[in-house]
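Participant: Protein chains in written order, with the working numbering: chain A, 1 to 344; chain B, 1 to 316.
One thing to keep in mind: the hints can contain errors.
Stated by the list, open to error - Ranges of calculated distance between the beta carbons of each label pair, as one might list FRET restraints:
no., chain 1, residue 1, chain 2, residue 2, range
1, B, Glu-287, A, Phe-63, 34 to 40 angstroms
2, B, Val-127, A, Pro-176, 41 to 47 angstroms
3, B, Asp-57, A, Pro-176, 42 to 48 angstroms
4, B, Glu-116, A, Ala-188, 24 to 30 angstroms
5, B, Glu-246, A, Pro-76, 42 to 48 angstroms
6, A, Asp-102, B, Ile-236, 45 to 51 angstroms
7, A, Pro-176, B, Ile-236, 49 to 55 angstroms
8, A, Glu-43, B, Thr-292, 36 to 42 angstroms
If you're looking for bench data, these hints aren't it; they were derived computationally from the structure. Glycine included, every Cβ here is placed at the ideal spot set by N, Cα and C.
Here's the letter readout for the chains.
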Amino acid sequence: MALRDVHVAGFAQLPNRMNLDDYDEAEMVQEITAKALADAGLERSDVGFTCSGSNDYVMGRPFSFAMAIDGLGAWPPIRESHVEMDGAWALYEAYVRLQHGDVDVALVYGFGKSSLGSVDAVHTLELDPYSLAPLGVDPHAMAAMQARLLIESGETTEAKLAHISCRSRRDGNKNPNAPHADEADADALLADPYVREPLRAHDLPVRTDGASCVVLRVGGGGPRIRGIAHIIDAHQPGFRDLTTSASATKALAAAGGAGGVTVAELHAPYTSQEVILIKALGLGEDVTINPSGGAHAACTPMVAGLTRIGEAALAVRNGAPAALGHATSGPLLQHNMICVLEAE
Amino acid sequence: MGADVELVSPFVLEYAYKRSTGPVIGRFLTSLRDGRIEGVRTAAGRVLCPPVEYDPDTGEDVQDFVEVGPCATVLTWTWIDAPLRDHPVQVPFAFALVQLEGADTSMLHAVCAPREDMATGMRVRAVFRDERVGSITDIAHFEIDTGVSKDLVPNEATEPITRFKAPTRLEYVVAAGATTAEFLRGVLRRELIGRRCPSCEKIYLPPRGSCPTCGVRTTELVPMAQKGTVTTFSVIRIPFEGQVLEPPYAAAHVLLDGGDTPLLHIVGDVDVDLVRMGMRVEAVWAEQLEPTLASVRYFRPIDEPDVPYAEIRGHV
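Let the sequences and hints guide you as you build the complete structure.
Facilitator: Now the structure itself:
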């Protein structure tokens, strides 16, 4: 059976900020869904399926996704679903739902706040409860062990990682939806102490609050989803070659490859993970990486992946023949999604 | 307290989980309690440690158990200068991926060694705790292998491990948000302020920033009457953890006059057996006001005729 052509008809985000205290869940969702529908030129009544991504541990309250629905105007009752994951996986569910053929428009959003509690502690709780979580290992320590493997195998250097950080934060400062970052030159950054050797503060993601929303539509124009796929690797970091991401490579192949792609938005919270993804996806120097500043410059939990797909769609709207959006989940790039968008 | 009061509150989320182990993890944890480390062999002959129930490459069940270690090689590591509360070691140490002798995969654990001795490829040895309960932390840490192992304190327990306690605790600082903060500042002035939806004109109390029916921002602030009607209620007669009031007492939905959404609160100053649907009540304020709805101590009956059910049926 031929797949139905699905387009990104609309995209909106709240600016990623260190603190969005003034917004509750419903208010975040109300604003981004209204803006994304306006961007698509559609009404709420046009939406046939709604799917969201969020995490109760991040928001600090049970059923926070159910409260967020108050922002939708869900009356009369709507068809709705939720994933306890980044909104990128909600987008995947909506893409599959649109293939059923009975509805043509899907509304997808993700929301999250880093400011309420400790996203690091939540990431520790996401680990295997038998052999990893009882050790209390923090995500920065995990990423540092991955970065050391990468450096000691000659794939990168601490100086190259500092340059990645500088580029991301410079680009982030040009993006009104990323928080302001102090810019420093790479040499100065290398004088900073390690947070988790060999990673320094500039190698870590800037954790933010935010929300984003994508409107998918069958037909009707806008960047077309040429291919989308997600693949997962073993959870245990010690079972995988951490200097690459086998599942990212396979997901790209399953999504039909990166032919014609000139912009890639990669969900790489740590500088070292950008190096791994560029290699795993075989992206050449002709591909612009993370013009938005990426998830390194604005890492909102449950949002940064969906925003990568939205930013890739904006790149296509702005003239790129094709762009790639990537989202990740799980420790050390365990689970990866690739969404390749192209101009009609 | 005035308008500049900071409306943030600490919040702790705790779950007293117990986890079952299943046969493979259970045997692994049992081996740790007994002072040994076991891996599992896959059909392809790979030895996985820590064990999992299936081969991650093929999805097939794993085969037999194989003792591995206690010596291991460090494959990668990072240094922890200032251990966090949940870290397994409370002095400076390294987290490392260590490949146990006889295993084809590596395991994450702590290595205690001087910083200057830490190096990829170094040989380490598992150090078991004296008191072991069937946990990954029965291995206290790894240390530099000197070829000599510490004597193992024997364990009396013989029952296989099938479950263990895995409590979780997360700490937050929750801000009220603009809409709720505005409401709570009103409470500090003994006012109950709702918000009206510009589309359906319903008044929400407690206020909502967005109308759940229409999906638009609510904009208009509406100071509410402090009299209302009990639309439904329940008498609480049994004690429970965290209870503030002495049972028996009545929890009720109170629809304030002119409002559209009932407020969940307490009915007091009355024998609980006399509380009824349609009863007219008014707010009784605490003497010391705080920015929470507890500043209204309860609603008490007033001498007005009951409201017929037909007038409150949409609000129970």
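Participant: Next step is simple, just say for each hint if it's right about the structure.
Facilitator: Now the hints, each set against the structure:
1. Glu-287(B) <-> Phe-63(A): 34 to 40 angstroms: holds, 35 angstroms
2. Val-127(B) <-> Pro-176(A): 41 to 47 angstroms: violated, 53 angstroms
3. Asp-57(B) <-> Pro-176(A): 42 to 48 angstroms: holds, 45 angstroms
4. Glu-116(B) <-> Ala-188(A): 24 to 30 angstroms: holds, 26 angstroms
5. Glu-246(B) <-> Pro-76(A): 42 to 48 angstroms: Cβ of Glu-246(B) to Cβ of Pro-76(A): about 44 angstroms, so the range 42 to 48 angstroms holds.
6. Asp-102(A) <-> Ile-236(B): 45 to 51 angstroms: Holds, at about 47 angstroms.
7. Pro-176(A) <-> Ile-236(B): 49 to 55 angstroms: holds, 51 angstroms
8. Glu-43(A) <-> Thr-292(B): 36 to 42 angstroms: holds, 39 angstroms
Violation of the numbered hints given earlier is confined to hint 2; every other hint is satisfied by the structure.
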